[in-house]
Each structure stands twice: as C-alpha cells, then as structure tokens.
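Protein sequence lines, in the order shown, are assigned to chains A and B.
Each residue of the first sequence is one higher than the one before, starting from 1 at the first, in my numbering.
Each residue of the second sequence is one higher than the one before, starting from 1 at the first, in my numbering.
Keep in mind that the hints were calculated from the coordinates and are not lab data.
Being a predicted model, the structure only gives us computed values, none of them experimental.
Even for Gly, the Cβ is constructed at its ideal location relative to N, Cα and C.
What you were told as hints is all true, and nothing was included just to trick you.
Pair by pair, the computed Cβ-Cβ distance ranges are: (1) B:Glu33 <-> A:Met56: 16 to 26 Å; (2) A:Pro22 <-> B:Leu338: 37 to 47 Å; (3) B:Glu370 <-> A:Pro22: 25 to 35 Å.
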Amino acid sequence: MSWTHDEVVKEVRYVVAEHAEPEADITERSELVADLGIDSLSVMEIVAELEDRFEMTIDESELPNGATLGDVVAAIETRLEAGDKLKETASV
Amino acid sequence: MIDSMRTVVQALEDAAESVHTGFRFIEEAKTSEPFFTYSDVERVTARYGGAMQAMGLKKGDRIALILPNNQDFVFAFLGALRAGIVPVPIYPPAGLRRLGGYLENTLHIVRKSGARVVLTDGTIRRLLGTVQSGATDLQRIQAIEPIRSSRERLEPEKISLDDTCFLQFTSGSTSAPKGVIISHRNIASNVRRFMEEGLEVEAGVDSGVSWLPLYHDMGLIGFVLGPLYYRNTLTYLPPMLFLKRPVRWLETISRLRATISFGPNFAYALCEKRVRDADIERLDLSTWRAAGCGAEPIRASDLRAFADRFAPAGFDHRAMLPCYGMAEATLAISFPRLGEGVRTDTVGAEDLAAELKANAAQPGSGGAIEVVNCGKTFEDHEVAVFDPKDEASEHPLPDRVVGELRFRGPSVTSGYFDEPELTKQAFAGDWLRTGDMGYIIDGDIFICGRQKELIIVNGRNYYPQDLEWEASSIDGVRKGNVIAFGTRRPLDDRERVVVVFETSLTDRDARAAVKNAVGKAVRQATGLSIDDVVDLDAGVLPKTSSGKLRRNETRRLYETGELFERTSARQGDAIGIAKEIVKSQIGYARDALFIKK
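Model the full assembly from the supplied sequences, consistent with the hints where possible.
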C-alpha cells in the first residue's frame with residue numbers, strides 16, 4: 001500500500017502522542033526527547049511501533065538522538081520510497 | 001570435571017573438539033542466525049590473530065577494539081588473545097553532541113593503553129581522526145571489513161597463565177578511565193568459580209542467551225569467556241535489538257530453551273513494563289534456571305515484579321540470582337545459592353544512619369529499608385568488611401556492622417595499567433578496596449552504597465540511594481534520574497543536603513508542586529531536612545559512559561553553579577546504561593552522516 005505524506009504524519013503523531021507528556025504541543029519540529037519529554041528508551045519503543053505499522057525496519061542511523069517528529073517522518077518516507085522503487089523495478 | 005586453570009587460548013584450543021556447541025549471532029535485519037561451532041571459532045580466530053600479526057603486532061602489544069557488531073568483536077577479541085596481543089575493548093561512539101567528549105575519552109584510553117592499532121569498523125574509523133593524531137604510540141586505525149576475509153596464518157605464541165589477557169577500562173564516577181589488568185590466571189580463577197560454584201554449569205549442556213554489550217565485563221567474561229571454558233552454546237543479540245524489542249530477549253531464551261541469562265536491574269524492569277500479555281502467552285521460560293542480575297544497584301521490587309509478571313510463562317522466581325562483582329575482581333565477587341530467588345534483609349534506616357549498624361527491623365515498619373542479599377563469595381576468595389580508615393585491613397568488622405567491603409583471592413587484578421599510584425590506593429594491605437559500603441551476615445553480602453558518596457549530617461550517615469529512591473516515587477520525577485548528595489560551603493556549620501531530579505514537565509506550577517512533593521517525601525522517609533531541591537530538564541544530569549549516576553560530578557556542578565546552566569542539548573542525555581547503549585549505536589552512524597557533508 002502507498003501512504004501520502006499526511007497519512008504518514010498522522011500515524012507518527014499518533015504513536016508519538018502516546019509517549020509524549022499529556023499536555024505536549026506536538027508539531028513536526030518537536031524534538032522527541034527535549035520537547036516532548038520522551039526518554040531514549042521510549043524512542044526505541046516508538047521506533048518498534050512504527051516499524052510494525054509501516055511494515056519496515058527503520059535503521060537506527062536514520063533516527064538521530066535529537067530527532068524531531070519531522071525527522072521520523074522523513075526516515076519513514078525514505079524507506080517507503082525505496083520500497084516503491086523496488087516494486088516498480090520488479091514490475092518492469 | 002573440566003580443568004579450568006588454563007589460559008583462554010588453551011581453553012579455546014581444547015573447545016575446538018566440540019562440533020556441536022558454539023556461538024550463534026542474531027542480527028536484527030537478518031533472518032539467518034549464523035552458528036559457529038567451537039571448532040569453527042578456533043579456525044576463524046586463528047585467521048584474525050594471523051591478520052593482527054601481519055600488521056606487525058607482537059605478543060604483549062595492545063590493540064584497541066571499537067566494534068559494535070558482536071560477531072566482529074568476539075572473533076577479534078579471541079583472535080588477539082591467540083597471538084598474545086592484548087585487546088582493549090572501547091565502547092562505540094555516542095552521538096554528535098558528545099562526540100567531543102567521546103573522542104577525548106577514547107584518546108585517553110588509546111594513549112594510556114599504548115595501543116599500536118585501533119581496530120574498528122569503516123564507519124567509526126572516519127570519526128577517529130583526532131585520535132590518530134593525538135596518540136603517539138598509535139600506528140594505524142584499521143577497519144575490520146578486510147580482516148573478516150583475511151587468510152593470514154597464525155604464528156603460534158606461547159601464552160601462560162600469568163600473561164596479561166586484556167585491559168578492561170572502567171569509567172570510574174570520580175576519575176578518568178583506568179585500565180584494569182586482567183591476566184589469564186584471573187580469568188581462569190573467576191570463570192571456574194562463577195561457572196562451577198555460582199551457576200553449577202553442566203559443561204556442553206547448559207546454554208545461554210545474551211544481549212549485553214561485549215565491551216563490559218558482564219557480557220564479555222560472563223557470556224563469552226565463561227561459556228568458552230565449558231563449551232556451552234551461547235546466542236548473542238545486539239544490545240540495540242533488546243532495547244527496541246525487549247521481548248526478543250525472552251523469545252530467544254524460550255525458543256532455544258536456554259538455561260542461563262543475565263541482565264542489569266533495568267532490563268528486568270523494562271521487560272516487565274514493555275512485554276505485552278499476548279507475547280507472554282507465547283513464551284516458555286521454564287528452562288531458564290539462572291536469571292542473573294548485576295552491574296548496577298538491585299531493587300528487590302523490580303525483580304519480584306518481573307517474576308510475578310512472567311510466572312504464567314513458566315518463569316520460576318527461584319531462578320533469580322542477584323549477584324555482586326566488579327571489573328577489578330575480573331567479574332564476580334559473590335553469588336547467592338542457586339534456586340533461592342531474591343532474598344532480602346530488612347533493617348532500620350535509623351541505626352544504619354546513626355551507628356552504621358544493620359539491625360534487623362520489621363518489614364513495612366516505619367523507617368525500615370530492604371537490602372538485597374548478594375550471596376557468598378567463592379572458594380579460595382574472601383570478602384570482609386573494614387572501617388574505610390583501616391589502611392592495612394587489620395580489624396575486620398563483625399556481622400551487621402557497615403563498612404567498606406574488601407575482597408581478596410586469585411580473581412583480583414594486579415592493578416591498573418601504568419597507574420602505580422591508583423593501584424596503590426586500590427588496595428588496603430593485600431585486600432582490594434571495592435569502594436562499596438555494605439555488611440555481612442553469616443558470609444552473605446549486602447551492599448548499601450558507595451562509600452565516597454555517603455551523606456553525613458551531624459555525624460549521621462545517609463545513603464544517597466535511599467533518598468533518591470524516595471524522590472523517584474513521586475509522579476513527575478523521571479525514575480532513576482535523581483541524584484542526592486551532601487555539600488558543605490566554607491561558612492556552613494553542617495553539610496547541606498541537596499536532591500536534584502529530572503522532570504519532563506514544562507509547566508512552572510506543576511514543577512513547583514513536584515519539587516515540594518520530593519522534599520516532603522524524602523524528609524518523611526529519612527527525617528533529614530532537605531536544604532535544596534533542584535528540578536532539571538530531562539537529560540541534564542551527568543552520567544558515566546556506562547550510564548551510572550555521577551554524584552560527585554553533580555555535586556561539583558552544583559557547587560560551581562554550572563548545573564543550572566546545563567541544557568539537555570549541550571550535554572546529551574546519557575540516562576541509564578541502556579540509553580547510553582542506544583546512543584552509542586544510533587549516534588555514530590549519524591555522526592558519520594553529518595561529518596561526511
């Protein structure tokens with residue numbers, strides 16, 4: 001299945017919100033650790049959940065320590081695009 | 001019975017007869033799980049050793065290993081030993097912001113150890129430019145990739161029990177990392193004791209699972225060298241994979257019907273929190289007969305919670321083994337008896353503070369604290385308690401009197417590499433000063449805390465851990481991210497007690513409420529008046545590279561006022577051993593990405 005940018009953002013926001021402080025204002029520029037009060041262990045948990053949702057393995061190197069929500073979205077979209085290209089090549 | 005008084009090299013050559021047991025390496029992105037019998041391991045490590053000799057390394061030379069991949073690390077480490085080359089494990093880098101600090105630390109270890117070669121992977125290699133230029137003995141930084149396929153032959157070296165096996169650099173909370181000299185005799189002595197007495201291992205039959213980082217003694221000695229002597233099969237998971245999906249640790253134990261696996265306290269707490277009920281239904285942990293816990297302070301409540309939660313999966317609470325050890329003791333100092341589970345002693349906090357006496361108290365009564373029983377030391381080793389000022393270890397203290405725990409026996413290091421003064425300070429007479437405060441009852445060892453960090457108010461002693469534990473129980477405080485210490489300014493008539501905690505709350509009123517609650521809780525529990533409670537943003541508290549709280553450093557930062565200027569972004573957030581590992585794994589690749597640009 002293919003995802004639009006808005007859908008990816010929505011999914012990521014949903015997963016991140018479950019781990020963020022209840023009052024936190026979540027934007028694409030929010031840093032997971034510094035702004036949303038998510039500790040590094042929970043970041044790992046978020047990564048695992050997103051991997052399940054998008055059916056992919058996210059390489060840790062794509063998620064820097066000071067990752068923002070936007071970084072996470074970008075990492076997932078890079079993966080999704082790579083997957084699509086693979087499919088296109090396969091269908092040619 | 002296997003003769004364990006052999007060098008690691010001899011043990012490996014002997015194990016090569018085994019074509020059924022060996023090492024299995026699980027990697028996150030791969031479905032295959034390469035398995036190397038000890039016969040394979042013998043052959044592969046000979047090539048690694050040969051490759052190191054081909055670099056010009058000779059017996060006794062040091063080689064620093066910065067290898068995040070488990071398979072690379074195990075083969076390179078054992079390969080070096082076979083050539084008589086002394087490996088110096090170094091943890092992988094930790095994030096862009098702290099790269100400066102990481103490089104400084106790495107440079108210190110490379111210099112101090114006099115390493116002639118640093119062996120690392122291609123990605124990390126690109127980050128180490130300043131290390132290359134700053135260490136005079138260092139001849140090259142070698143990438144591991146070409147070594148994997150090397151065909152160099154190993155020139156046999158004669159290795160004896162008293163040769164240095166490797167240097168274990170420890171990040172002390174008060175000083176720069178020091179290289180603990182571990183000889184083959186140390187390894188053989190300690191391995192024999194924890195494998196035979198501690199774990200009652202059945203050679204070639206018991207099997208283990210480990211996600212522990214291999215640059216740390218519990219992972220390296222406990223789960224590589226120990227099993228090698230007894231030819232037990234070991235399965236390794238990347239530390240990162242465990243942190244992402246803790247259930248993978250338990251699934252692996254379940255699937256492979258493993259009998260032995262260890263983790264620090266936080267690992268059990270993490271599983272208790274993260275593993276889902278549906279996953280527990282699929283697990284069978286009934287084969288897990290030794291669930292060890294060490295490397296950081298142990299909370300009985302965390303281990304009990306784990307045992308309760310996983311009882312439906314067949315986990316036997318009696319398998320829990322809270323152990324005590326340290327790098328200077330090679331690894332293990334004491335093990336409780338197998339099959340007894342977590343046992344504790346409840347003592348009055350009042351007597352502990354006022355008289356340094358651990359007097360039994362009624363569980364649940366006011367001012368009672370629970371101390372975990374870490375068991376007894378091993379045959380031909382001794383543990384005793386002394387007054388820290390007893391420089392010659394002349395007067396061991398009686399049972400239930402708190403003092404400094406000291407250890408002696410063939411597992412004890414001869415000292416720190418190229419540090420005669422620190423080595424001298426580490427011993428009192430012929431006893432190793434552990435630096436830990438504790439007491440003994442009928443040979444059973446109970447740890448209360450680090451001696452240097454005692455808070456002393458009006459002649460009474462308080463353990464910072466107890467204050468921190470109380471503060472951690474308050475909602476809004478980041479659990480495990482609390483530091484308590486005493487400080488005394490020149491004009492103060494007494495030590496002032498300070499509690500510093502991290503919080504993720506941003507609302508000013510909410511933070512103030514949490515501060516109040518912390519002060520109140522600690523006051524109520526200890527009877528101490530708290531002079532200052534400080535709230536910090538997440539990630540500000542200083543930690544050692546292995547994630548231990550740095551109390552003395554926090555005190556220093558508090559005294560100079562720097563603590564209040566620190567931000568999470570500036571310092572990075574080394575929170576707990578786990579998080580340090582996370583960073584070390586996610587950090588370096590990111591650094592590479594940035595530095596390439």
